[in-house]
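Q: Following the hints, complete the assembly by docking chain B onto the known chain A.
Note that the protein sequences, when read in sequence, are chains A and B.
Numbered according to our numbering, the first sequence spans residues 1 to 156.
Numbered according to our numbering, the second sequence spans residues 1001 to 1156.
Just so you know, the hints here were simulated from the structure itself, not pulled from any lab data.
Any given hint might turn out to be false.
[As the list claims (entries may be wrong)] With a straight-line Cα cutoff of 20 Å, these simulated PhoX-like cross-link-like pairs (lysine-lysine) come out: (1) A:146 x A:98; (2) B:1034 x A:34; (3) A:34 x B:1040; (4) A:40 x B:1034; (5) A:40 x B:1058; (6) B:1111 x B:1058; (7) A:58 x B:1040.
Everything numeric in this text was worked out from a predicted model, so none of it was measured.
2 protein chains.
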Amino acid sequence: MENTEQRKELKVSAIQNGTVIDHIPASNVFQVIKMLNLHKSDEQILFGTNLDSKKFGKKGIIKVSNTFFASDEINKIALVAPNATLILIKDFKVVEKKRVDTPDAIVKIVKCFNPNCITNNEDIPTRFDVIKNEDELKLRCHYCEKTTSKENMVFL
Amino acid sequence: MENTEQRKELKVSAIQNGTVIDHIPASNVFQVIKMLNLHKSDEQILFGTNLDSKKFGKKGIIKVSNTFFASDEINKIALVAPNATLILIKDFKVVEKKRVDTPDAIVKIVKCFNPNCITNNEDIPTRFDVIKNEDELKLRCHYCEKTTSKENMVFL
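In isolation and in its complexed conformation, chain A is listed as follows:
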C-alpha cells in the first residue's frame, strides 16, 4: 500500500508543460486562484499553501499545466503577490523564470474605497492608477481620485 501511495504522490507533483507561480504570500493563494479563474480551468492544477520559504516566511505555489498566461492577465496578481516568480516549464524543463510586473493601471478587479465614488453607485467598472511606494501598492481612482490602500482593498 505504501508504494502505491508513493507513486501517487510523485504523479501529482511535477508538470510537463505549463506555468509555476512561486512565492505567493500564503494568505493570498486563493485570491490568486480566483483572479486567474483557475477554479474554472479544465487543466491539471496543483496548489500548495503554507509552505516554508527562506525568503518570505510562509508561501504558496501554484502549478498550472498547459497554460501560459498573457502579461496583462498574470500581472494583475501583483496586487496580492508582488514578489511572485513565474517559471515556464516545457518538457519538464525550466525554460524561463521571471517576476510579475506591477501594472500601471487596474481595471475592474478592485472596488473603490470611497462609498460616494460613481463606480459604487452606477454601473461603471472601476479603474485605478497604480502608485508604487517601495513595498506598498496603492490605487488611485480614475474617477474620484481617492486612494485605496492595501488594507482597504476589496476584490470584486
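A: Below, chain B alone, put in the same frame as chain A:
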C-alpha cells in the same frame, strides 16, 4: 537548475501527518475547500485538480497536514464528493482509509430551493433530511418539506 526544481517538487508532494481526501469530483474541489474552511487554515495544504482517475474520470485530491477531521465536519462534503476517500497519514504511513458517510441531516450549508420557505424569509438556519436514491442525493426541507435536488443546490 533542474535538480533544484526536482527537489522542490518532492518537498511539496508528501505529508508527514494529516488527512488526504481523494476522489473528489474535479469540479467540486474548491467547494470542498470552502466547506472545510481550508482557505483559512494555517497548516500546509496541497491540492490537485483535474487529475486522471481510473474510476472517476477527472478527480481532485486534497492533502492537509496535521489535521484530522471530526466525522460531522468531514461528512458534509458527501454532498459534493459522495465517493471521496479519506486517508489518514501518520509518520508518512497510511494508518486508515475510509469513505465519507452521507449524513442523515444537513444544517446551514445549503439554501432551500423554495423561495417561500421560512428560511429564505426569516433569520432561521436551513435544515434538511438527506434522501439517498442510489447515486442521487436530495435534501428535504425540515420546514417547508420541499425537496432540493443536486442541480438546484446552492451553498451558503
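Q: Quick one: which hint numbers does this structure break? Sort them smallest to largest.
A: 1 and 6
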